[in-house]
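A.B. asks: Here is how the chains run, residue by residue.
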Amino acid sequence: MKELLKLNKDLCTLFGPSGNEDLISERIKELITPYKLDNAELFFDKVGNLYYHIPKENAPRLMINAHMDEVGFMVTSIQGDGTLSFGTVGGFDTIILPSKKVICENGLRGVILSKPIHLISRKARKKPIEVEDLVIDIGAESKEEAEKLVSIGDYFTFDLPYVEFGEGLICSKALDDRLGCAIMVKLIMDIKDQKIDIPYDLYFAFTCREELGYSSCFGASERIKPDYAIIIESKAVSDLYGVSEERQVAKLGNGGVISFADCGTIFDRDLIKHIMALCENNGIKYQVNQYVSGGNDSANIQRSAGGAKVSVISSASRYIHSSSNVIHKTDIESIYKTVLSVLTDKNPLK
Amino acid sequence: MEKIKQRLEALCKIPTVSGHESLYFDQILNTLTEEEKNSLDEIKNDSFGNLILVKKSIKENAPTLMLDAHLDVIGFMVTDVCDGGFLKVASVGGIDTRVLPATHVYINGKERIFGVITSTPPHLRKGESSVPDVEDLMVDTGYSKEKLEEIVSIGDTISFSPMYTPLLNNYVSATGLDDKSCACAILDFITSVDKKDLEYNVYGVLSAQEETGKWGPARVAFDLDPDVAIITDVNFAKQKGVADDESIECGKGPSVDISSLCNRKLTKNLIKLFKDNDLDFQIICEPGRTGTNNDAVSISGQGIRTAVLSLPLKAMHTPSEVVKLDDIKTLSRAFTLIATSKEAL
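As given, the protein sequences belong to chains A and B, one line each in that order.
When you line the first sequence up against this note's numbering, it's residues 418 to 767, in that order.
When you line the second sequence up against this note's numbering, it's residues 7 to 351, in that order.
Each hint can be trusted.
Listed below are the simulated BS3-like cross-link pairs for lysine-lysine, each with C-alpha atoms no more than 30 angstroms apart in a straight line:
1) K94(B) x K543(A)
2) K540(A) x K244(B)
3) K153(B) x K423(A)
4) K544(A) x K94(B)
5) K246(B) x K565(A)
6) K668(A) x K153(B)
Treat the hints as calculated values from the structure; they're not laboratory data.
Because the structure is a prediction, the values reported are computed rather than measured.
Extracted from the complex, chain A is given alone in its bound form:
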């Protein structure tokens, strides 16, 4: 558990908005290289997805997937006063943007400025601030000065600390989906350390650009052509005080969320049932989503190549796509155990 959380923190704090995942993939490669089995392959494809393949002949092909990218910002123009206009990379509720600290890929720090409330009419105070009205202030005092340090097209992400708080919660940017990456890295380490014999032709795929919808995962599943795929993700939930039970979707701390459907995918019933049975038999916590919402790479994988049977196991996450995703530590462990139970299955899928 401790090692898993350490990996999670390590990966969450790295810089990697969609389309710019190199720092993440290089770090993951560095972490798993010492654990590479002799017969395994570790390689990149031409669009930046990273694969770890443990081949097995005459066995069903299983793909385990998590995406490396996070939501972020891109500089779209530099203003005369040295501030930066920006666009969003990935889906944002723009209400969470104003006054957040941000950091550029080159380490330059900034803050998202909004106009003071005192200068806004009473009526307009009820309207969310539009991205067009926001700028990033890096402290530069002219366009010329800013241009020496930042270019149009540069990325920014949130710059807020990774915090463990309350009774077992974590608050950080990028938990969606670095926690999935961390779980996959830990599984790869365990396979070597514990000499686990996997009953599948197994691919781990660390993929790019999930947050944009037009995901690089599509290419990954076209390459792998999996029979089965398990996607490890983060799922937006709203288990807040005062929210009706069915609208909460799922609850933090109740284990991985095994979805029967979301807005993009109807998941494979047999695969879900198989995974649930493994959880039951091994005493692993899991939960089922109570509300159909969200979507992820499962849809891409399911519809790629000849089609695949897919299941997603998600960590219930509050305030997703913000500087401050909140998840429960034990859910990371539950998801890890769930996927491990699939890899050590005595009665594997055919």
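Could you slot chain B onto chain A? The hints should help.
C.D. replies: Here is chain B on its own, set in the frame of chain A:
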């Protein structure tokens, strides 16, 4: 400048939410060295929660100069501890609810604990994105209700996470720069000025409850009846969406505010003093009320001769305000000019 930077960072980390200033006087005074404390004639506080630092002139019958900056910051107060470890809150001061979701905060309970202001994801919300009312916001603490009740009580304050971030060109972004920036200038001036140079007995007032009604320093002015009172607060700096005529510019020094509620002669004297000494300063017009402590101080007791100096600040009342340290240094120098000459009178 390094000294100002360190002092400002230390001040911003102290969660002096309005009405609770006196809980933190020790921490505020800890930002002064022993030597700095010893250079003062007196450090006192009053029943209202104002902290007063006194440095007297060695001259006989020196007039009295009061400098004011407010110590309090906007924040929240806990109104209910709910199931699942969520806190309902009320705002303390002018909170901008457009900028709050997903903000990091600290709850000042028996322990100081971390929390996040909640937000509901778009796809789980009914209708368009809208700005929540304070009543709709909660703070997520991550504790069970039972455990949380052991740490937090109704009425405890909540403050934004300080997150002091240096930017380029001596700009910093932090919470509570309104009005810790001016408080920092007062501390910088009063601890460094030589008594021998003072033409006034100087009372540096770090005042209480500006954000909730500008009540603090009028109490001090009533007791002290100063010959001159200079009120210092932050003012709107030029930034995207803010018009030139309602703002001043960062890096050009403090502004002298011209207002009907300031003493006209004193204001003119300050402008002349600053011009004669090549001090960087700006002018801003506040035809009616200034919206600062000035308005209450000016009618305190039998009436007080007041002027306002204000510091340019971007993104006022957000968790990440922005100030330029050079302006704080210039304000401190303005205090020195005022206190070491008789020109203001």
